[in-house]
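If you're matching them up, the sequences are chains D and S in order.
Numbering-wise, our numbering puts 243 at position 195 of the first sequence, and it's gapless, one number per residue.
Numbering-wise, our numbering puts 1579 at position 105 of the second sequence, and it's gapless, one number per residue.
Since the hints were made in silico from the structure, they are not lab data.
In this text the structure is predicted, and so the values were computed from the model without any measurement.
Glycine included, each C-beta is placed from N, C-alpha and C at the ideal position.
Misleading hints may appear alongside valid ones.
[What the hints assert, rightly or not] Quick look at which bits of chain D chain S covers, simulated, 3 or more residues with Cβ under 8 Å:
hint, stretch
1, 77–83
2, 101–111
3, 142–156
[Unchecked claim] Within a straight-line C-alpha distance of at most 20 Å, the following computed EDC-like cross-link-like pairs (lysine to aspartate or glutamate) qualify:
hint, chain 1, residue 1, chain 2, residue 2
4, D, K199, S, E1646
5, D, K188, S, E1594
6, S, K1574, D, D208
7, S, K1574, D, E159
8, D, K199, S, E1594
9, S, K1574, D, D164
[Claimed, not checked] The calculated label-pair distances, taken between Cβ atoms and stated as ranges, are:
hint, chain 1, residue 1, chain 2, residue 2, range
10, D, N205, S, G1633, 39 to 47 Å
11, D, D200, S, A1679, 52 to 60 Å
12, D, R126, S, M1636, 54 to 62 Å
13, D, Q93, S, T1634, 29 to 37 Å
14, S, A1581, D, W64, 28 to 36 Å
15, S, W1671, D, L185, 39 to 47 Å
16, S, L1665, D, K188, 48 to 56 Å
17, S, V1640, D, G134, 24 to 32 Å
18, D, V61, S, L1582, 17 to 25 Å
19, S, L1668, D, K188, 49 to 57 Å
20, D, E98, S, W1491, 52 to 60 Å
21, D, G158, S, A1679, 53 to 61 Å
22, S, I1650, D, K188, 30 to 38 Å
23, D, A219, S, F1663, 52 to 60 Å
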Amino acid sequence: MTAPPGAPQKAQVPVWKLLVTLGTAGAVAGFLIVFVYAWSQPIIQAYKAEQLRLAVQEVLKGPARFDTLYVYDDALLRDLPEGVDGTSLEQIFLGFTDSGERIGFAVAYGEPGFQDIVRIIFGYDRTEQTLLGMKVLESKETPGLGDKIEKDTSFVNQFDGALSPLTGVKARESTGDPHEIDMITGATISSRVVIRIINNQIERLGPLMDAYVQQADAAQLAGAGGMR
Amino acid sequence: MSPRETTPQVDFFRGIWKENPVLIQMLGLCPALAVTNTVENALWMGIATFFVLTGSSLMVSLIKKLIPGEVRIPLFILIIATFVTVADMALEAIVPVVYKQLGAFVALIVVNCMILSRQEAFASKRPIGRSLLDAVGTGVGFMIAMVMMGSVREILGQGTLMNYKVIPGNFEPWVIFILPPGGFLTLGFWLLILNWWEERKKDRAKVREWPDGVGMPGERRVA
């Protein structure tokens, strides 16, 4: 639409003014975001670390202490080589009793579920090949159905004392075998995901756990021998 | 064209009920349907939206004379996106459990047309005080609508209200109400009730105009 003849023409804003306006606004916005990021990140990280610590305590049935082990170069290491940053490495946890006996390993891992990634943590006694417990850390499974993998205590409690490898069975087909986990009716996919994560991680990390335990035992014996 | 003249009271109360963004204008329906499965989620989403709306309106009204008309929309979006990012990080730090429930919908406040429309239609043309009143009223109206949705869905879908059991006995919750279809059903019920109530009010007003039933509906008797 053109302006009628004689009508006052609206002054054209120079391009540099538009650029300066947007650039300044962008810089101010960036400054504000960085400021809030610097404030919020330590709080968020501390919360996540605390949640993980509580989850480890829960699935290892309240250990007196636990060590953080890093998956590095196809081995589990408690002390990383000089210059290696552990924050980006996969971590698993090894719990101990008051007297220093090993309780088991806690492994956190996630795989795609029905809606999104399901992330769980489970405690595992490698010597007895027995699960110590399971807790869902993150899940966006369907409310009322798939979310029963974390809310239905009868499902969650089955992992306490189950023998690996696990087998998912429909509730009415259960035979009482300690390898069996009764899947939730209406949430079969979500139940299977939990079982799959545990089986896959035990298969992947089991040999590394064995190697670590052997190495730790050997080092302890050598230390005791040295004292004699 | 100068903006329509209103009073501060009108600016404040308009968004709460008469022009409620969700129940009347049908704006911001995405979060209203998606995250109102519990009152707590609905309330926190309402608070986050309120913060973004009032912050953006205040900022836009404050710098409106410095904004060239050619870049006003990108600038409004930049301001809104900044407040959304701040709200997103603050919620994760303050209420991490709720933040997990709200998921991507906090970040999606940036595309809530209710917020952009208030900047374009009001804050960019009015003084700071009026813009703030309008934003607070609209934000409160949005929060009220969210809580109305959330309370029905939580009671029927879980049998609880603010996580307290309110339906005693062996009531089996209607899971559909906490699933996405329940959002549509609840919004439909609320709109039905509110429209019925509005129509009833109009009919009563007509009866008062013509108590003997003579004359055309809506026609005023001349004394």
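- Query: Which numbered hints turn out to be false for this structure?
  - Reply: Hints 2, 3, 5, 6, 8, 10, 12, 16, 17, 18, 19, 20, 22 and 23 are the ones this structure does not satisfy, whereas the remaining hints hold.
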